[in-house]
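Chemist: Now for the letters of each chain:
There are 2 protein chains.
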Amino acid sequence: MREISLKVKVPSSRNAYYPIVFGNNHWKQTLASFVENHTFSKVIFLVDEQVFSFWKEEIEQFPHPEICILPSGETSKNLEKAMEIIGFLTRQGCDRKSLLVTLGGGVVGDLGGFVASLYMRGIAFVQIPTTVLSLVDSSIGGKTGVDTSYGKNLVGSFHFPSLVIADVMFLQSLPETQKKNGYVEMVKHALIADEGYYRQLMVPFTEKEWPSLLWKSCQIKARIVEKDPREHHLRQILNFGHTLGHAIEHAAGYEILHGFAVAWGMIGEAFLSVKQGILRQDILHTLIQDFKKNSLLFSPQTILKLSWEDVRYPLLHDKKNIRNHIHVVLLEKIGQVKHTSCQYSYPLPEELFQEAFVFLKNIAEEWDESH
Amino acid sequence: MREISLKVKVPSSRNAYYPIVFGNNHWKQTLASFVENHTFSKVIFLVDEQVFSFWKEEIEQFPHPEICILPSGETSKNLEKAMEIIGFLTRQGCDRKSLLVTLGGGVVGDLGGFVASLYMRGIAFVQIPTTVLSLVDSSIGGKTGVDTSYGKNLVGSFHFPSLVIADVMFLQSLPETQKKNGYVEMVKHALIADEGYYRQLMVPFTEKEWPSLLWKSCQIKARIVEKDPREHHLRQILNFGHTLGHAIEHAAGYEILHGFAVAWGMIGEAFLSVKQGILRQDILHTLIQDFKKNSLLFSPQTILKLSWEDVRYPLLHDKKNIRNHIHVVLLEKIGQVKHTSCQYSYPLPEELFQEAFVFLKNIAEEWDESH
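Residue numbers (the working numbering), protein chains in the order written: chain A, 3 to 373; chain B, 3 to 373.
If we strip away everything but chain A, and leave its shape as in the complex, we get (with noise of 0.2 Å):
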């Protein structure tokens, strides 16, 4: 497999673009060029545990890394673990020309991306995601965020990466879930964006053609935050799904993994779409055994456990929402969303969303009845 690099613009400059690297067995050359290239004065990594356990020797013929390790899982993704970090960072002496190389998947990249935004108001720092959801998704964008006891990535920021490196070697010591995990990500990346890279997604495809089925997604997350990167208009269209999605995830305390909930949001949010008559009824009808054919619909016990006033509660509270109104994204057709120049969300009273989840769960019913 070749190496390709796609260039992406940084917002805050007026030329200034950096590079997605996608290869496989790349990262240490990648890194080791784009290092030797620049004076930084410190090279830190913040390594995710398992990644580390698993990828040790690799990780350690990089040349004089100091690493951090970062326990695995979600709830590393605090405030206290980033001033943890920080304490790391000040007694390896870092200043402002130092570096920051985050290895692992979104919890790593996006507390890593949030210390280095903040760490004496910014330092440089590369992400390389190490799971398909990070490589498709959180890399791609400069969202950085931690969770707090008021939300999920409710406080944060926006901070680009100097390089972004996929290294699709990583994906080796992920298990099938997590793949799946990721995947859902770039269903939801065709669903918006590309009816024939849907039609690829959705027929059963080999090993070997993960990688250029990961890169398109890439190139389509890309292209759209490039537009707007920071989420003012078309960004949004990013957000199909995860209305209800984030919903069903938060009303589940997390036991359902972050792309299994945003497939049930997808069917659900298609199900608004149909309501609003934006959507034909017999598209839902092939989104919904698609999915099925494909085990997106995942975990149907965890749907069929929550009420409305459950999801209830989170959906009147979603970042999304503007003057309390509850915003989704309408699917118009596969590979495309409605909106105007202006307008790439919607608001929609809040009875409808109830509907939509009795509809999830009348679907969830019936799978977990036929299995």
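Treat the hints with care, as some may be off.
[What the hints assert, rightly or not] Simulated pairs of lysine-lysine, BS3-like, Cα-Cα distance not exceeding 25 Å: (1) B/Lys154 to A/Lys44; (2) A/Lys322 to B/Lys99; (3) B/Lys44 to A/Lys321; (4) B/Lys83 to A/Lys154; (5) B/Lys99 to A/Lys340; (6) B/Lys322 to A/Lys44; (7) B/Lys83 to A/Lys83; (8) B/Lys229 to B/Lys321; (9) A/Lys154 to B/Lys44; (10) B/Lys99 to A/Lys321; (11) A/Lys83 to B/Lys321; (12) B/Lys11 to A/Lys11.
Quick caveat, the hints were computed from the structure, so don't treat them as lab data.
Given the structure is predicted, the values throughout are model-derived calculations rather than measurements.
Add chain B to chain A, keeping to what the hints say.
Modeler: Leaving out everything else, chain B in the frame of chain A:
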């Protein structure tokens, strides 16, 4: 006094500017018309406790403000307080379209700006400085931050306000020492950029002349940060006096006011400039005489109490250090600093800083004995 305003470029967007509106007793009207011209979902005030107790009636004249009161003093500028304010915003139902208005000195502005930069990855904020120091310095330039156990402002961000309202009315409630504290930064602006302004500041002036002098400083600072918002080059010159100044302030446990520490710092760094053959010796002596005459070399006892070791530690951990080298801005003459097109601060060996500190101690001793 007529209202005047200044447009400052927002670095992250190509054609966006934010205004600094300068006047007397105009804040309510200026803020009201700004709010009217936007569609904020909520307006929240963050107000310094002392400012609120003095200006309560005035502030409550603004229609329906939700007010969060912040205890006065630098100790409020920490992550815990930031999280408390975030909790307040959450409870008030603030969303991405809400506005935070800060009313107070540097602490309220820096902390409020920090919260505004992180809440839901950034909301709009308006800064209303109520001290000389915040009016001419911290309210201009988008630097936000909190103090942590690892250092002052070690954690922060760049987040530019949508509007700054510089209302000299609020200075009525300011003690004389606090006025002088801010006046030092005005002298710094003059020293690095405008000899004529320096002369104006050094002769006795009346209360009536304050506004035009304050306005001059706002202009100098705004023009500098506009050219280099993220302190990659030119903006560094604003750090004149701040390498030794910060170290003294830190070593004294913040018992000396920021401005007075910077006044000592400027003399120390002018001494370094002489040592480097950049500044004429007689100009250094003029500066010392001018500073003494204008009571800027305040609290010589504080300097006398400090040892070199006390000052050395914070110098070695200065946020502006690069690769462990202490950096300093050097004065060439009154109104001009040494620089090339790419270098605005210079690394000097530790020993020279020790010499400069001894020089300051000698001045402090003479000054103390003569009073």
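Chemist: All hints are to be evaluated individually against the structure, with a verdict given for each.
Modeler: Consistency of the hints with the structure:
Between B/Lys154 and A/Lys44 the alpha-carbon distance is near 21 Å, which keeps this suggested pair within the 25 Å criterion. The straight-line distance between the Cα atoms of A/Lys322 and B/Lys99 is roughly 10 Å, inside the 25 Å bound, and the hint therefore holds. Distance restraint check for B/Lys44 and A/Lys321: the Cα-Cα separation of roughly 15 Å lies within the 25 Å cut-off, and the hinted pair is therefore satisfied. The hinted pair formed by B/Lys83 and A/Lys154 meets the criterion: a straight-line CA distance of about 19 Å does not exceed 25 Å.
A distance of roughly 22 Å separates the Cα atoms of B/Lys99 and A/Lys340; the hinted pair therefore holds under the 25 Å criterion. With a C-alpha separation of about 15 Å, the suggested pairing of B/Lys322 with A/Lys44 holds against the 25 Å cut-off. At most 25 Å may separate the alpha-carbon atoms for a hinted pair to count; B/Lys83 and A/Lys83 meet this at roughly 18 Å. Pair hint B/Lys229 plus B/Lys321 holds up; C-alpha atoms about 21 Å apart against a cutoff of 25 Å.
Pair hint A/Lys154 plus B/Lys44 holds up; C-alpha atoms about 21 Å apart against a cutoff of 25 Å. At most 25 Å may separate the alpha-carbon atoms for a hinted pair to count; B/Lys99 and A/Lys321 meet this at roughly 11 Å. Of the pairs offered as hints, the one joining A/Lys83 and B/Lys321 holds, with about 22 Å between alpha carbons and a cut-off of 25 Å not exceeded. Taking the CA atoms of B/Lys11 and A/Lys11, the gap is near 20 Å; set against the 25 Å cutoff, the hint holds.
Hint compliance for this structure: every hint is met.
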